[in-house]
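Student: Listed here are the chains, written in short residue letters.
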Amino acid sequence: MPKKYDTPLLDELEKGPFPSFVTEIKKAAARTEMAAAELGVLERCYREKKTHWKHGGIVGVRGYGGGVIGRYSDVPEDFPEVAHFHTVRINSIAGFFYTSESLRTICDIWDKYGSGLTNLHGSTGDLVLLGTTTDKLEAIFAEYSSRGWDLGGSGSAMRTPSCCVGPARCEWSNIDTLDINYAVTQEFQDEMHRPAFPYKFKFKTVGCAVDCNASIARADCSIIGTWKGNIAVDQAEVANYAKAGMDIQAEIADLCPTQCITYAGGKLAIDDANCSRCMHCIAKMTKALKATGEKGASILIGSKAPFVVGATLSWVIVPFIKMEAPYTEFFALIRKMWEWWDEHGKNRERIGELIIRRGMREFLEYIGVDPVPQQVKEPRRDPFWFWTEDDLNQKPWEAYTK
Amino acid sequence: MEIAELKENMYKLVESAMGKKKLKAGDIKKHYRNEGIAEDQVKEALKELVDEGRLIYTYFGGSYVEIPPK
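Those sequence lines, one after another, are chains A and B.
To convert, note that position 301 of the first sequence is 301 in the working numbering; the numbers rise steadily by one, no gaps.
To convert, note that position 68 of the second sequence is 68 in the working numbering; the numbers rise steadily by one, no gaps.
Hint data in this document are derived by calculation from the structure and do not stem from the laboratory.
The structure presented is a predicted model; accordingly, all values stated were derived computationally and were not measured.
Glycine included, each C-beta is placed from N, C-alpha and C at the ideal position.
A portion of the hints provided could be inaccurate.
[Stated by the list, open to error] In the SDA-like style, the derived pairs of lysine to any residue whose C-alpha atoms are separated by at most 20 Å in a straight line are:
1. K336/A <-> R33/B
2. K30/B <-> R335/A
3. K346/A <-> N34/B
4. K70/B <-> D135/A
5. K22/B <-> G57/A
6. K47/B <-> R62/A
[As the list claims (entries may be wrong)] On the chain B side, residues computed to face chain A include the following (Cβ under 8 Å):
7. K24
8. A25
9. G26
10. V50
11. D51
12. G53
13. I56
14. Y59
15. F60
16. G62
[Claimed, not checked] Quick partial rundown of chain B residues pointing at chain A, CB under 10 Å, derived from the structure:
17. I28
18. K29
19. K43
20. L46
21. K47
22. Y57
23. G61
24. Y64
25. V65
26. E66
27. P69
Work out the full structure, taking the sequences as your base and the hints as a guide.
Tutor: Okay, here's the thing in structure tokens:
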């Protein structure tokens, strides 16, 4: 029977309307020593207002440089059951579509070798297994890999890519997010398992600008599905929305960020040339509006949580690219970006931070992408592009003033 | 340079840096680039050394390549 710890502070986190991680750990603590001791350490961390976990050191299994995050208690004499409490990251399935059988297999193996605690999913998108010891790592890896699973990314490497459910469940998806996610995973195996970057690099793929995976805020490379054609309008359905009580002027036209929608005489009209494909109107009037024409993706670079220069959102680099297998053009572009980052990036500097430090001009020149208006991140700010005399002799503005 | 020779050279490079500077995989790549050795060869040599367990990846706020403790 696992030892029971008094946890008055943690107990507070069981109150209220939301699911509680404390309640879930307590369930595991009734069965495993590690989960019980984890509660004890956590209560002590809260009581003393400081962490008793250290992390890092020697990680991974043989041949891999990531996938295991070493965690150690700094009070092992008081909590010997969790002296080691390593995290294992399992590369998740695209779109998180698991069968109940596969989840059962994952949990059975984890009950055998670890604390039984899991986190589905970590913020990067990994299936996270919490709490095991160093001597069990190779066995865990052998068991999971023999059933077709692989470790995810960690450290200065490409992290486990993730995506929205895409065309599997969503009619708005402009790209096959699941296939792209799988292709990225397969193409960059070496970059995921053998950390060779200045710091982490994350891919997130979403089918449209609704961005259900928050790729624009959480990925070094955000792949966001978009389209080139017009938005088809079914006026009969527009009338139905109005009849059902929707204030189309206030809720749709007035909230259009580029003000390209007009609603007059019961008819809705869209000036598609000025539409920024934000998806607001389509998401609100699903039966009346639909994207048409060529489908592809916008490629954005550089979002991340605060670290060296604070939180940033991704920046449009390629406004439109066809995203169809085998994705040769996209992979070549990514490799060029990595080359530049490898060459100039400081230790723990994300690619977006490097762009801010050295300039978008240098980045675009290196990767061979021409400057276009869609790359201007914020209107009325200093332009990032400085024309050379040769550039000006070619009159590049003519393409935009015709 | 043959892969076997490069591996020994790389092992010695990491060994000589121990206690002075933690080397990242990128540092190793740049070192050999300056000696005119192709990047693919460097990656292959490092991969083999890690697969053999002679070198390991460690994490101290970033990923490094080191010799495993005895």
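Student: With reference to the structure, classify each hint as holding or not holding.
Tutor: Structure-based check of all given hints:
no.	hint	result
1	K336/A <-> R33/B	17 Å, holds
2	K30/B <-> R335/A	17 Å, holds
3	K346/A <-> N34/B	18 Å, holds
4	K70/B <-> D135/A	15 Å, holds
5	K22/B <-> G57/A	12 Å, holds
6	K47/B <-> R62/A	11 Å, holds
7	K24	7 Å, holds
8	A25	4 Å, holds
9	G26	6 Å, holds
10	V50	6 Å, holds
11	D51	5 Å, holds
12	G53	6 Å, holds
13	I56	6 Å, holds
14	Y59	5 Å, holds
15	F60	5 Å, holds
16	G62	5 Å, holds
17	I28	9 Å, holds
18	K29	7 Å, holds
19	K43	7 Å, holds
20	L46	8 Å, holds
21	K47	7 Å, holds
22	Y57	3 Å, holds
23	G61	6 Å, holds
24	Y64	9 Å, holds
25	V65	8 Å, holds
26	E66	8 Å, holds
27	P69	7 Å, holds
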